[in-house]
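Asks: Chain residues, written in single-letter form:
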Amino acid sequence: MSNVNTKSLSVSRIKDSLTNFSFVLPAVLIFSIFYIYPFFDIFNLSLKEWNGISSHKIFIGLANFKELMQDKIWWTSMKNACFITLIALTFQNALALALALACDRKMRLEKFYRVVFFIPPVLSEIVVGFIWRWILNSGVQDGQHIGLLNFWLDKIGLHHMVHNWLSDPKTALACIAVVHSWKGFGWGFIMLLAGLQTIDKQLYEAAKVDGAGGWKTFTNVTVPMMIPVILVVVILTILGSMQVFVLVLSMVGQGLVYHTEVPVTRILSAMTGTNRFGYACAMGVNFGLILICVSFAFKVISDKMKQA
Amino acid sequence: MNKLLGIVLCGLLLSGCFMKQEDNNTITLWHWMTDRQKAFEELARRYEEQTGVKVKVDLYAPPDAYTQRIVASAQSHVLPDIYGILDKKKIYASFIESGLVADLTNEFQKDNAEWEKSLFSKALDVNRFEEGNVYGVKPGIYGVPLDVTNIQMLYNKKLLQKAGIMHPPKSFDEFLEDIKALKRVGISGVVSGWGELWMADCFASNYAFNIMGEEKIMATYRGEVPYTDPDWIKVFGVFKLLKEGGALIEGIVTKPNKEAEQDFALERAAFAFNGSWCVNVYHDMNPDLEYGAMLPPSINADLPMKIWGGAGSSFVANNNSPRKDMAVAFLKWLSAKEQQAYLAMETRNLPANREALSSIPEILSDFAKVMENTTHPTIWERNEEPLVVEAFDKGIQSIIIGEKTPEQVAQDVQEVKEREMKKLLK
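Which chain is which? The protein sequence lines are S and F, in order. When we follow the working numbering, the leftmost residue of the first sequence carries the number 1, and every step to the right adds one. When we follow the working numbering, the leftmost residue of the second sequence carries the number 1, and every step to the right adds one.
Hints were generated in silico from the structure; no laboratory data involved. Remember, it's a predicted structure, so these values are computed and weren't measured experimentally. Be careful, since some hints might not be right.
Said to hold, decoys possible - Here are the simulated SDA-like pairs of lysine to any residue, each with C-alpha atoms no more than 25 Å apart in a straight line: (1) F:K423 <-> S:D168; (2) F:K426 <-> S:M242; (3) S:K57 <-> F:E362; (4) F:K422 <-> S:H163; (5) S:K57 <-> F:K38; (6) S:K57 <-> F:N383; (7) S:K48 <-> F:V416; (8) F:K158 <-> S:G143; (9) F:K38 <-> F:K426; (10) F:K423 <-> S:H163; (11) F:K426 <-> S:N44; (12) F:K243 <-> S:H163; (13) S:K57 <-> F:R382; (14) S:K106 <-> S:N286; (15) F:K88 <-> S:M271; (16) F:K88 <-> S:V264; (17) F:K324 <-> F:K157; (18) F:K258 <-> S:G273; (19) F:K243 <-> S:I292; (20) S:K170 <-> F:E259; (21) F:K243 <-> S:I146; (22) S:K48 <-> F:K90; (23) F:K157 <-> F:E362; (24) F:K240 <-> S:F65.
Stated by the list, open to error - Heads up, incomplete: computed chain S residues facing chain F, CB under 10 Å, no partners named: (25) I73; (26) A94; (27) L136; (28) S138; (29) G139; (30) H259.
As the list claims (entries may be wrong) - Covered by chain F, per the in silico footprint, the following chain S stretches (three or more residues, Cβ under 8 Å): (31) 50-62; (32) 167-178; (33) 244-254; (34) 262-273.
We put the CB at the ideal spot given by N, CA and C, even for glycine.
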């Protein structure tokens, strides 16, 4: 009797497992076909020397990775991407948080502001790049500055600040970073605003009763309650900023020497400029792994902070 | 009932996905030339009227995106019947070696080589692989040129007159004097799209030919002459002279060519460095622009100034297409006198067919006159390694922004060259 019961139990367990498995199967299939297989294929190509067309792919082992480790330009591009990310993490997210805090209060035209702040992320990156290229244009015609920024700097008497913004190594990357932050702050704004709205208002009232001022309430109530959202915003900002490249292409074309080079433009350059597909794949694998490590590190930090 | 309808619809959708549409009377052509789409469609209409064969003309722009599409299609074996290869000769050779391009040599040489003779030889050279070529490709002609082009300097007649300059400069010293005169009246000197590195590379190559000649350039590519040679330093020095003379428009190093074309068309600079395709572009931007074409002012009177030129755009026939013969017949028709004259008139480009030259605008004749001075990397005995080219072009940018001296750049380029030579020896 008990044997029959155990048997029917295990059959039902298998049935349950199969049912559960059939639910996740489509997702697993899609993930395997579109993510896992391409990743392994790219890794496979990164071990070869290939020009992208020829049927001859020469196996060279880890030579591409070895070369990559010594490729100064690749690490310069990483450094540039880190700079853009740093600006985005500070300037972009501070702006997003400030605006989210402002919009979280009862104010006139609150909905209008929400829409306006979300316009930049909706715009095409290439269009944003070209618009800012025009704003930062350093050209002159008939004694008048063509670029909007230089035109107004000149008009309001700040002639000494008129500058060749995109062709000077000191300012080109900073301009790209600022434009990237301007374009991206809307995402952070929406997420932070949503996070702020989930905080129980009673907590603020309790803080008020305890005599806490605005800053104390912010640091002791708002920030701790917002940590999970802030971490998500930080991770998305890092991933988005490290992978920036359309803005770079539209603002400085093929780059200003190597001062505006970022990892994706290097990968593109290796694929279409020098036709080294294997090397480009090695760059892709290396870059992907770095981003995975960064995301994983933030996940660990996030979990620890939640526990605390 | 709804379930049944759903299944039928899914079935129809899936069958649509897996059914291969093969219309044996339609040939497909992929191109990248936004300004020629209408003209191509009109020619396709005429061809269908004359032969009954339909030509589907698909445009994929800009050229970079087109190149990526062609490479991806080649990898997945879904290339159209007719397409263009916008890449280095080495990559052209890879397409041929992979069996993706039809050999047209026999077609060109039929009837006492009538087809071959009707086209500019400089234009055909881009599509020709000579006996013993370094790419190891079977000698022959593999593509059909559609037009010829060359890259020169252009001058704005009105702006030069405003600065009291009566004729365009012939020598480099005269050019620098003209720049001074232009600066005195607040006019910028040279504009070009050097944000697209190949254009700066092309300008440097013109002066390399003028300063040291082809043999020494090839010797450098072979690794026999270093980039630290005084002649190469002189080539890099041209950019220093231009920078110090204030000849270059602000922001030239990151300027895309489209913006540079706009600057010249809107009379923001007196000189431009651009290709013959600009005639059409300038006409659209400013039909009243008065300008002429000239060779870049020479530094060395003993050697000719060689400019880049040859086939502007070429098409190849897909060797694996079941409609290969139809594709070749269409290309032959497209390069015939009548069609070439129509294209030249509509798109203001220099025709590849010599017989169609009589119907071109005057400014294009200026470009056509110097076709004999043209050369192009695709017809050189060998090309420089891509990483060396990158270091060379980025070095030019460094000189223009005042970051490095010609000597430092020469040293940097030589280091990359030596590294690449070592790799080749391995």
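Asks: For every hint, state whether the structure bears it out.
Replies: Do the hints match the structure? See the list:
1. F:K423 <-> S:D168: The hint is violated at about 34 Å.
2. F:K426 <-> S:M242: Judged against 25 Å, a Cα distance of about 35 Å means the pair is violated.
3. S:K57 <-> F:E362: 50 Å, violated
4. F:K422 <-> S:H163: 43 Å, violated
5. S:K57 <-> F:K38: Between K57 of chain S and K38 of chain F the Cα gap is close to 40 Å, so the pair fails against 25 Å, i.e. violated.
6. S:K57 <-> F:N383: 22 Å, holds
7. S:K48 <-> F:V416: Answer holds: K48 of chain S to V416 of chain F is near 22 Å, not above 25 Å.
8. F:K158 <-> S:G143: Roughly 17 Å between the alpha carbons, so the hint for K158 of chain F and G143 of chain S holds.
9. F:K38 <-> F:K426: 50 Å, violated
10. F:K423 <-> S:H163: Not satisfied, since the Cα-Cα distance of roughly 43 Å exceeds 25 Å.
11. F:K426 <-> S:N44: Holds, at roughly 22 Å.
12. F:K243 <-> S:H163: 17 Å, holds
13. S:K57 <-> F:R382: 23 Å, holds
14. S:K106 <-> S:N286: Since the Cα atoms of K106 of chain S and N286 of chain S sit roughly 47 Å apart, the hinted pair is violated (cutoff 25 Å).
15. F:K88 <-> S:M271: Roughly 13 Å between the alpha carbons, so the hint for K88 of chain F and M271 of chain S holds.
16. F:K88 <-> S:V264: 22 Å, holds
17. F:K324 <-> F:K157: Measuring from Cα to Cα gives roughly 48 Å; hence the hint is violated.
18. F:K258 <-> S:G273: It holds: about 20 Å lies between the C-alpha atoms, which stays within 25 Å.
19. F:K243 <-> S:I292: 45 Å, violated
20. S:K170 <-> F:E259: Answer holds: K170 of chain S to E259 of chain F is near 23 Å, not above 25 Å.
21. F:K243 <-> S:I146: 21 Å, holds
22. S:K48 <-> F:K90: 18 Å, holds
23. F:K157 <-> F:E362: 15 Å, holds
24. F:K240 <-> S:F65: Roughly 37 Å separates the two Cα atoms, so the pair is violated.
25. I73: 9 Å, holds
26. A94: Hint violated; A94 of chain S Cβ to chain F Cβ min 29 Å, cut 10 Å.
27. L136: 9 Å, holds
28. S138: 4 Å, holds
29. G139: Holds. Min distance 6 Å.
30. H259: The hint holds - H259 of chain S has a Cβ within 10 Å of chain F, the shortest such distance being about 9 Å.
31. 50-62: It holds: at least three residues are needed, and the region 50-62 of chain S offers 5 whose Cβ sits within less than 8 Å of chain F.
32. 167-178: Our answer is that it holds, as 4 residues pass the Cβ test (under 8 Å) against chain F, meeting three.
33. 244-254: Our answer is that it holds, as 4 residues pass the Cβ test (under 8 Å) against chain F, meeting three.
34. 262-273: holds (count 3)
The earlier numbered hints that this structure contradicts are 1, 2, 3, 4, 5, 9, 10, 14, 17, 19, 24, 26.
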